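Could you build the full structure based on these sequences and the hints that come with them?
Going down the list, the protein sequences come from chains A and B.
Just so you know, we're using the numbering used here here: the first sequence kicks off at 1 and counts up by one.
Just so you know, we're using the numbering used here here: the second sequence kicks off at 1 and counts up by one.
Hints were generated in silico from the structure; no laboratory data involved.
Remember, it's a predicted structure, so these values are computed and weren't measured experimentally.
Please note: incorrect hints may appear among the correct ones.
Said to hold, decoys possible - Quick list of in silico lysine-lysine cross-link-like pairs, DSS-like style, CA-CA up to 30 Å:
no. : chain 1 : residue 1 : chain 2 : residue 2
1   : A       : 115       : B       : 651
2   : B       : 211       : A       : 146
3   : A       : 79        : B       : 98
4   : B       : 454       : B       : 313
5   : A       : 7         : B       : 233
6   : A       : 82        : B       : 233
7   : B       : 564       : B       : 595
8   : B       : 207       : B       : 169
For reference, the chains in residue letters:
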Amino acid sequence: MSNITLKVNGKAHTLDIDPATPLLYILRNDIGLRGPRFGCGLGQCGACTVIVNGVATRSCITPTSSVKSEVTTLEGLAKAGKLHPIQQAWIDEQVPACGFCQNGQIMTAKALLDKTPNPTDAQIREGMARTLCRCMTYYRIQAAIKRAAKAIASFGSGSNKEVVA
Amino acid sequence: MKATSRRNFLKQSGFLVASFSAAANNSFILAAAQTAATTAAQASGLYPDPDFRQLDSWIVIRQDNTATFYVGKTDLGQGTGTAFRQMMADELDMPYDKTTCIMGTTDITVDQGGSGGSDAIQTDGWPMRRVAAEARRVLLEMGSSRFGVPVDQLAVSDGVITVKADASKKVTYGELIGGKKFNVVLTGNNIDNTTGQAKVKTVQELKIVGKSPQRYDIPAKVDGSLTWAGDVKLPGMVHARNVKPPFAGAKLVSIDEASVRGIPGFIKVVSKGNYVAVVCEREEQAIAAQRQIKVNWEKPATAPFPNSEDLFKYMRSATPTSTQKPTVTGNPDSALANAAKVVEAEYDVPFQGHTAISPAHALADPSNGQMTIYSNDMKSYGMRTGVAEFLQMPRDRVRVVWMEGPQAYGRTAADDAGFEAAYLAKEIGRPVRVQWMRQEETAWDTKGPAFTFKLRGGLDAQGNLIAFDYDSQAADYNHLGYNEPDTVLIAQLMGRRRAMPAPGGGATPNEMYAIPNRRMASSVVSLPLIWETPLRTGNLRDPNGPQVTFASESFIDELAVAAKTDPLEFRMKLLNAGTTDDNAFRRARSIATLKAAAEAYGWDARPSPKPLGTGNILTGRGVAYTFRSATVVAEIAEVEVNRKTGHVWVKRLVCAHDCGLVINPEALKRTIEGGMLHSLSRTLHEEVKFDTEKVMSLDWNSHPSMTHTDTPERIDVVLVNGDPNPNRPDLPHYGAGETVCKPLLAAVANAVFDATGVRLRRIPFRDERVLTALKSSGIA
Chain A
1 MSNITLKVNG KAHTLDIDPA TPLLYILRND IGLRGPRFGC GLGQCGACTV IVNGVATRSC
61 ITPTSSVKSE VTTLEGLAKA GKLHPIQQAW IDEQVPACGF CQNGQIMTAK ALLDKTPNPT
121 DAQIREGMAR TLCRCMTYYR IQAAIKRAAK AIASFGSGSN KEVVA
Chain B
1 MKATSRRNFL KQSGFLVASF SAAANNSFIL AAAQTAATTA AQASGLYPDP DFRQLDSWIV
61 IRQDNTATFY VGKTDLGQGT GTAFRQMMAD ELDMPYDKTT CIMGTTDITV DQGGSGGSDA
121 IQTDGWPMRR VAAEARRVLL EMGSSRFGVP VDQLAVSDGV ITVKADASKK VTYGELIGGK
181 KFNVVLTGNN IDNTTGQAKV KTVQELKIVG KSPQRYDIPA KVDGSLTWAG DVKLPGMVHA
241 RNVKPPFAGA KLVSIDEASV RGIPGFIKVV SKGNYVAVVC EREEQAIAAQ RQIKVNWEKP
301 ATAPFPNSED LFKYMRSATP TSTQKPTVTG NPDSALANAA KVVEAEYDVP FQGHTAISPA
361 HALADPSNGQ MTIYSNDMKS YGMRTGVAEF LQMPRDRVRV VWMEGPQAYG RTAADDAGFE
421 AAYLAKEIGR PVRVQWMRQE ETAWDTKGPA FTFKLRGGLD AQGNLIAFDY DSQAADYNHL
481 GYNEPDTVLI AQLMGRRRAM PAPGGGATPN EMYAIPNRRM ASSVVSLPLI WETPLRTGNL
541 RDPNGPQVTF ASESFIDELA VAAKTDPLEF RMKLLNAGTT DDNAFRRARS IATLKAAAEA
601 YGWDARPSPK PLGTGNILTG RGVAYTFRSA TVVAEIAEVE VNRKTGHVWV KRLVCAHDCG
661 LVINPEALKR TIEGGMLHSL SRTLHEEVKF DTEKVMSLDW NSHPSMTHTD TPERIDVVLV
721 NGDPNPNRPD LPHYGAGETV CKPLLAAVAN AVFDATGVRL RRIPFRDERV LTALKSSGIA
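If you want it as structure tokens, here you go:
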């Protein structure tokens, strides 16, 4: 065990942990986040995805000691009480079924749209290819990504919409 | 229900009042409901069954004129909770957004069995509607007393009762009943028949049913605020991992506890019979212990099963453990003997896994001599009863709190994890969280049974189908039920097993074709090892339908080809040859759905296959149809087959769907899309592979699933109402969900045949298998 300082969603956390522990377990069990989820522990499904340095990162296979930059999780996407346009698009499109994988879908889509603001269908398929959903909501996810891209192009990533349920 | 628990019940509702007025945000309400269910975990006291004959067990109305519905179902992500609110708010005459719904927690919601069988709306929706109608009736009686006018001179809208003759005289439901109990006794010999005196509304009177309010559970699933079953943390909680036998049927010889004792946070190795688990303070420590522990296992003397390449040969030659009496119409043998043309074909479907997006997990709290299990298992009530029996605890000392989790559509390892957590919690005396790992889940989760089929059909000289002979074998002996204390995996490994394994179910096709001579036969075969095997079977999203309909609807297509008839026209002819119909008008509705699918697709009537294309990409379309219970579906797939790689892409899907009265069309459409794509994954990718010792499909590489890349570019869902009188006031709501999983495999197979002239009779259609088939036909 040793002290590690981790910056997550704008807040610094100093933790006494085994630094080799995968980031996922630290985020979930020590910091108490519920966005990143355990799906495979193998980096194959994407349910644990967080964003580090603009890169969609599989936290289940990322040793905590290797994380040198701020970590953004699903909880960190909303700004000043407003959902990120991607999250809003997910609601507007009524994407989730069970919803367990959607953390990975949304975070992967976020990294994709940050890099490629106006993706083609092929770019969406390729960019999302390794993020799995067993309720098979893929069709609606792809529609929501296009919807979010349009919203970001019109209003920016702050969105002009209030957080609504 | 005893007085104490009812007090808790209303107290809990009181907690919800505060949350409700604090925010109009639905996700906030959902979170509050879960907190209400979880904070009481440590309180001492019994967990009795809510009395379904008490109106107060179902509905609580508060002073601020908001209502909470308590129902004994679980929502697997299809939006059934939203649908229940719509149905009950409609009967009660409350605005939808002033209601909430609590589901599946055994001590606060009546036992409607949790979920399964796609019958939540079809069956369980009825008592919900009737009790809500009864609450409305009672409230109107109370309004009548308050204003001194008969009920028929009162109007009610949005939870406000008004005197018709004097609109200034009004009172809200909340003012009449808020903070008080109804104390109304319901009748009915079982929960499905629960009723009061009131009649439910006619279809024409329903205002919220048929609309599409957004699902209330979605916001918390996209902003990270939802507390899932896997997120619950309790004081003193520890983490467990199972140590599974490396070979099917292995016997535990010894455990070298010293191999893990040095791991920081190590607490204990728990073992009994062949069940082994490690328990540590922290999750990563338990994972390390699971990986590091040295255990000696002895292989069984004989092979537990053939390898997966030999499976179908084994099944065809095995002596059945049971055979269903065939259903016979006419004389199929003589009709086949006299047929102008006889067609024969065999089909194979391998074992397929549930393989939930996250492996099974549960948390159990043993404090105060009670047991509370936090689980996403879809049948929380069965888990409560099963665990009580397994641990030999009184039922009223055990409860299951149902919470959201990865859904896997059937009897999954979520059952097993709940029992394991409870057992370990009792052993350790602290709350224990069990989490299966990916490899463990993919290998050991229950499987949908493998099937082999043999079909024969006879056509007369005019191409009419005069004989249909269907026979199937399912590798389904010892089919596991839900939450059984003598079949869950921990019980099997501990040697606690029922004397008579479940016989398993054979299955025959569901269609309304009028065929004068037919035989439908089915039998069950067993693998050599039936206990402690990773090839244990359990219900997977329509337990047998996808397999059976793959064979039967592929074969109907083969017969249409032999008759040189358009495959849609061939089916229509078989349906139109019938003259009678049943209570659910399934024949008429079959015709209507097939017609609607064809119209939505723009079906080009012609025999299959189409003339072979010249490029690398060959295109084709295929249709298949079936029903489940009273719900009828027809699906059309359009495919692109790459003749150089064997890759199949389903470019477009159409589904015409008739489930009677639709509660929430938008939620239903998404359920249909997801169900079809789940079956598309089973069509193209999914197969459990094994050698003669163990399962070899362990993760998403070795048991692949459909991805974004496979997704069709267009899906059209048509909600059909093919009832001969679609405007009748009592039009029922049938079930939705599993029906759409059934015909998709055949629709794709038929489309591949249309494109290539090559018939694929073995699932899944992975590239290499398709390429081999194309090559052997000279297409590639």
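Hints, verified against the model:
For the hint pairing residue 115(A) with residue 651(B), the CA-to-CA distance comes to about 27 Å; that is within 30 Å, so the pair holds. Between the alpha carbons of residue 211(B) and residue 146(A) the distance comes to roughly 25 Å, so the proposed pair stays at or under 30 Å and holds. The suggested pairing of residue 79(A) with residue 98(B) holds, with an alpha-carbon distance near 28 Å, which does not exceed 30 Å. Between residue 454(B) and residue 313(B), the direct Cα distance comes to roughly 13 Å. Compliance with the 30 Å bound is thereby established for this hinted pair.
At most 30 Å may separate the alpha-carbon atoms for a hinted pair to count; residue 7(A) and residue 233(B) meet this at roughly 23 Å. A C-alpha spacing of about 28 Å is found between residue 82(A) and residue 233(B), which places the hinted pair at or below 30 Å, so the restraint holds. With a CA separation close to 20 Å, the supplied pair residue 564(B) and residue 595(B) stays within the 30 Å bound. Taking the CA atoms of residue 207(B) and residue 169(B), the gap is about 25 Å. The hint holds against a cut of 30 Å.
Violated hints are absent here; each numbered hint is respected by the structure.
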